[in-house]
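Asker: One letter stands for each residue in the lines below.
2 protein chains.
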Amino acid sequence: MASSFVSYLACYNICYFLAKDSHNLSKLKLPKIDISRAGNTSAVTKITTSAVSSFTHVTENLDTKQKQTRQNIPTTKQFVDPHRQGRIIDNGVRYRQMVVIRSYEVGPDKTATLESILNLLQETGLNHVWMSGLLGDGFGATHGMTRNDLMWVVSKLQLQVEQYPIWGEVLQLDTWVGASGKNGMRRDWELRSQATGIVFARATSTWVMMNKKTRRLSKMLDEVRAEISPWFIEKQAIMEDTPEKIKKLDDTAKHGTSSLKAKRSDLDMNHHVNNVKYVGWMLETMPDEFMEEYQLSNIILEYKKECGSSDIVQALSEPDEDNRTINGSLGSLNGMQLKYTHLLQTKGEVRKEEIVRGRTTWRKKHFKMPFPM
Amino acid sequence: MASSFVSYLACYNICYFLAKDSHNLSKLKLPKIDISRAGNTSAVTKITTSAVSSFTHVTENLDTKQKQTRQNIPTTKQFVDPHRQGRIIDNGVRYRQMVVIRSYEVGPDKTATLESILNLLQETGLNHVWMSGLLGDGFGATHGMTRNDLMWVVSKLQLQVEQYPIWGEVLQLDTWVGASGKNGMRRDWELRSQATGIVFARATSTWVMMNKKTRRLSKMLDEVRAEISPWFIEKQAIMEDTPEKIKKLDDTAKHGTSSLKAKRSDLDMNHHVNNVKYVGWMLETMPDEFMEEYQLSNIILEYKKECGSSDIVQALSEPDEDNRTINGSLGSLNGMQLKYTHLLQTKGEVRKEEIVRGRTTWRKKHFKMPFPM
Numbered sequence: 001m002a003s004s005f006v007s008y009l010a011c012y013n014i015c016y017f018l019a020k021d022s023h024n025l026s027k028l029k030l031p032k033i034d035i036s037r038a039g040n041t042s043a044v045t046k047i048t049t050s051a052v053s054s055f056t057h058v059t060e061n062l063d064t065k066q067k068q069t070r071q072n073i074p075t076t077k078q079f080v081d082p083h084r085q086g087r088i089i090d091n092g093v094r095y096r097q098m099v100v101i102r103s104y105e106v107g108p109d110k111t112a113t114l115e116s117i118l119n120l121l122q123e124t125g126l127n128h129v130w131m132s133g134l135l136g137d138g139f140g141a142t143h144g145m146t147r148n149d150l151m152w153v154v155s156k157l158q159l160q161v162e163q164y165p166i167w168g169e170v171l172q173l174d175t176w177v178g179a180s181g182k183n184g185m186r187r188d189w190e191l192r193s194q195a196t197g198i199v200f201a202r203a204t205s206t207w208v209m210m211n212k213k214t215r216r217l218s219k220m221l222d223e224v225r226a227e228i229s230p231w232f233i234e235k236q237a238i239m240e241d242t243p244e245k246i247k248k249l250d251d252t253a254k255h256g257t258s259s260l261k262a263k264r265s266d267l268d269m270n271h272h273v274n275n276v277k278y279v280g281w282m283l284e285t286m287p288d289e290f291m292e293e294y295q296l297s298n299i300i301l302e303y304k305k306e307c308g309s310s311d312i313v314q315a316l317s318e319p320d321e322d323n324r325t326i327n328g329s330l331g332s333l334n335g336m337q338l339k340y341t342h343l344l345q346t347k348g349e350v351r352k353e354e355i356v357r358g359r360t361t362w363r364k365k366h367f368k369m370p371f372p373m
Numbered sequence: 001m002a003s004s005f006v007s008y009l010a011c012y013n014i015c016y017f018l019a020k021d022s023h024n025l026s027k028l029k030l031p032k033i034d035i036s037r038a039g040n041t042s043a044v045t046k047i048t049t050s051a052v053s054s055f056t057h058v059t060e061n062l063d064t065k066q067k068q069t070r071q072n073i074p075t076t077k078q079f080v081d082p083h084r085q086g087r088i089i090d091n092g093v094r095y096r097q098m099v100v101i102r103s104y105e106v107g108p109d110k111t112a113t114l115e116s117i118l119n120l121l122q123e124t125g126l127n128h129v130w131m132s133g134l135l136g137d138g139f140g141a142t143h144g145m146t147r148n149d150l151m152w153v154v155s156k157l158q159l160q161v162e163q164y165p166i167w168g169e170v171l172q173l174d175t176w177v178g179a180s181g182k183n184g185m186r187r188d189w190e191l192r193s194q195a196t197g198i199v200f201a202r203a204t205s206t207w208v209m210m211n212k213k214t215r216r217l218s219k220m221l222d223e224v225r226a227e228i229s230p231w232f233i234e235k236q237a238i239m240e241d242t243p244e245k246i247k248k249l250d251d252t253a254k255h256g257t258s259s260l261k262a263k264r265s266d267l268d269m270n271h272h273v274n275n276v277k278y279v280g281w282m283l284e285t286m287p288d289e290f291m292e293e294y295q296l297s298n299i300i301l302e303y304k305k306e307c308g309s310s311d312i313v314q315a316l317s318e319p320d321e322d323n324r325t326i327n328g329s330l331g332s333l334n335g336m337q338l339k340y341t342h343l344l345q346t347k348g349e350v351r352k353e354e355i356v357r358g359r360t361t362w363r364k365k366h367f368k369m370p371f372p373m
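Note that the protein sequences, when read in sequence, are chains Y and C.
Residue numbering for the first sequence is 1 to 373, as defined by full-length UniProt numbering.
Residue numbering for the second sequence is 1 to 373, as defined by full-length UniProt numbering.
Because the hints were derived from the structure by calculation, they are not lab data.
Keep in mind that a hint or two might mislead.
Since copy identity is lost for identical chains, a pair holds within one copy or between any two.
In silico SDA-like cross-links for lysine to any residue, where the CA-CA straight-line distance does not exceed 20 Å [said to hold, decoys possible]:
| # | residue 1 | residue 2 |
| --- | --- | --- |
| 1 | Lys263 | Gly280 |
| 2 | Lys365 | Thr64 |
| 3 | Lys235 | Ile89 |
| 4 | Lys339 | Asp222 |
| 5 | Lys364 | Leu296 |
| 6 | Lys365 | Pro319 |
| 7 | Lys263 | Gln295 |
| 8 | Lys248 | Arg351 |
| 9 | Lys263 | Glu292 |
| 10 | Lys347 | Asp250 |
| 11 | Lys65 | Asp109 |
| 12 | Lys365 | Ser265 |
| 13 | Lys339 | Gly256 |
| 14 | Lys263 | Glu115 |
| 15 | Lys67 | Gln97 |
| 16 | Lys67 | Ile166 |
| 17 | Lys235 | Ile73 |
| 18 | Lys182 | Ile246 |
| 19 | Lys263 | Glu284 |
| 20 | Lys67 | Met98 |
| 21 | Lys219 | Asp311 |
| 22 | Lys261 | Met286 |
| 23 | Lys67 | Gly197 |
| 24 | Lys261 | Glu284 |
| 25 | Lys77 | Val170 |
| 26 | Lys352 | Asn211 |
| 27 | Lys261 | Gly280 |
These numbers were taken from a predicted model, which means no experiment stands behind them.
Can you build the whole structure from these sequences, using the hints too?
Answerer: Given below as structure tokens:
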């Protein structure tokens, strides 16, 4: 029973694997629910929803038996997964996986790219679910959610990177879930060097449920709470600051790219643009000379709506006013943190619609103060 | 000593990790050497060179000791790598690694994308080298090659896919090397389902050496041959047919995209477009309705020159004449193979220059005849 929260975990993929039937999500009226303040169990005020999952079976051409043989999804809770090098720790609720940074996961500086790290978060979140014995085909929800036509939507993701792993480095990636307000769930991650035990990155994300038919956000049903709450841990990877509202940029933003369009290879299994691609687009706006000198140390993403294959997307970025030092040049003090605001929006015929707002913090490269452990 | 061929293997990355100093490779006069016919030990007639590797140390800001701790590159030959789940088999020369298809490596149909498979080939080739004890920092060559300023260039890659792995599937990926003519090397791969033992894909590639300073192709020096030849196996993953010459397309090609340009995230550690990206661009030209119905069963790539971040690239594709059935529609018989020719070229100011020619074969999806084992 304790394992039944796990489809909840699959929700992480919601932002990556958007539902076919959510194509017109943005046109639908959604209740406004704020679940962004973890721990505030009564706050249900506002959310601009993002991305939606469903249970499309695109490999349906394989017969069930063949798929079961080839995928071998556990039907009971597992504590060790030798293929994925994962195991359940912490009294059976937290998941730990060893990963090695692959040659194609690094960028020009031979360190793991932000996209690679985000992909690994997705992967380990799903593998946590995989271990539970409750994962169906696809990126499902709990049985209770399925019975009630519920799916997951992600509203927020924050990633702090203290140090970027290098090619060939062996890492230990932990992930777990917790309550977020009355109706939401938090999924957190902690990424460490296996050799040194130093924490390289921490991340947290927030999720709520949506009814697939009415497209309305849902309270957490008792039936579902009974499934998932045994898996909740109090521990938080990132202690919440006072939540900072990300302002919405407009066309006066300093940096921008227009007419971004998804390539076929950018689309996920629901024919939508993969969420990791969003981040790539968002950061394409950053000037090359800046990217040569600075590395991202923190990113906060607030998801608003999904992006389909036919959408034309515009990316905007704006540095904070106080990024400028007295002499007018970008801050160059070692360890100085610079901040940017970002927006991805579709260029609709009638009006522009927000996909995701972002807030990033940057530090000079080779800033090596150890992360507090 | 037997392990010293291994930097040779790293050459696989040459097409992915192009040398900074090869930026102007295409402008240089290169000897024409044909190493495309494996087994023809005297043929040294013609090659249009492709991609070049070097030994740039982009993580040089890390001190040596820290890098050694974090990367932990073996200095002696290893037979088992528990982190990468790899081991040396076949009398100590062939490499076998277990891999699991990850959630973000699959496309809209929940099967591994072509790009994911190509990435896994690169990864296992490099891990083969990793095991050898001879891998330096970067994607190096043998010590003998380094002493003689030699690096690797890839001239050809062929991949046959009989069945696409699905999300979560556990695979066994073997790779090994052999002689290709007098001066070349072949690297082959075989990808199997671990559950059923069925071969899903086979691949082969051909490599020659280039002098980093003169930019001229080089014979295989005895010093280098002594290092690498103990690792050569006769076995070939794909038996050579009579090599088919890939014709060069021109602007009359049926399908084309213009003005492709690398994003920052498309660039590899040498600030060049990653070779896997080439394949993505090449196949972007294929019509959506075709891609919905057909899957790639074979691809042959002939590399001509590398592509930098500032290049504007044009992709062209042309179906074979006899792809049309009598009634004029694309062949729809189950198992019917359709063929296309492809070209990627830069749109230079003076003239267009070829990056890579391709030849693809396609079959109706859900064609499930087992691969001969």
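Asker: None of the hints should be skipped; say for each whether it holds.
Answerer: Going through the hints against the structure:
1. Lys263 <-> Gly280: both (13 Å within a copy, 9 Å between copies)
2. Lys365 <-> Thr64: between (50 Å within a copy, 18 Å between copies)
3. Lys235 <-> Ile89: within (14 Å within a copy, 44 Å between copies)
4. Lys339 <-> Asp222: neither (41 Å within a copy, 56 Å between copies)
5. Lys364 <-> Leu296: This pair counts as within: shortest intra-copy Cα distance 9 Å, inter-copy 44 Å.
6. Lys365 <-> Pro319: Within. Shortest intra-copy distance 18 Å satisfies the 20 Å Cα cut-off; inter-copy 48 Å does not.
7. Lys263 <-> Gln295: between (27 Å within a copy, 17 Å between copies)
8. Lys248 <-> Arg351: within (15 Å within a copy, 45 Å between copies)
9. Lys263 <-> Glu292: Classified as between: cross-chain Cα gap 15 Å, same-chain 26 Å, threshold 20 Å.
10. Lys347 <-> Asp250: within (12 Å within a copy, 34 Å between copies)
11. Lys65 <-> Asp109: Between copies only: 18 Å across, 45 Å inside.
12. Lys365 <-> Ser265: This pair counts as between: shortest inter-copy Cα distance 18 Å, intra-copy 31 Å.
13. Lys339 <-> Gly256: within (16 Å within a copy, 41 Å between copies)
14. Lys263 <-> Glu115: So Lys263 and Glu115 pass the 20 Å test inside a copy (17 Å) and across (13 Å) alike.
15. Lys67 <-> Gln97: neither (24 Å within a copy, 22 Å between copies)
16. Lys67 <-> Ile166: Between. Shortest inter-copy distance 8 Å satisfies the 20 Å Cα cut-off; intra-copy 35 Å does not.
17. Lys235 <-> Ile73: Classified as neither; 28 Å inside a copy, 35 Å across copies.
18. Lys182 <-> Ile246: Answer is neither; intra-copy 23 Å and inter-copy 62 Å both fail.
19. Lys263 <-> Glu284: Both: 16 Å inside a copy, 7 Å across copies.
20. Lys67 <-> Met98: between (26 Å within a copy, 19 Å between copies)
21. Lys219 <-> Asp311: neither (31 Å within a copy, 52 Å between copies)
22. Lys261 <-> Met286: both (18 Å within a copy, 16 Å between copies)
23. Lys67 <-> Gly197: between (38 Å within a copy, 15 Å between copies)
24. Lys261 <-> Glu284: both (13 Å within a copy, 12 Å between copies)
25. Lys77 <-> Val170: between (26 Å within a copy, 19 Å between copies)
26. Lys352 <-> Asn211: Answer is neither; intra-copy 26 Å and inter-copy 54 Å both fail.
27. Lys261 <-> Gly280: both (12 Å within a copy, 15 Å between copies)
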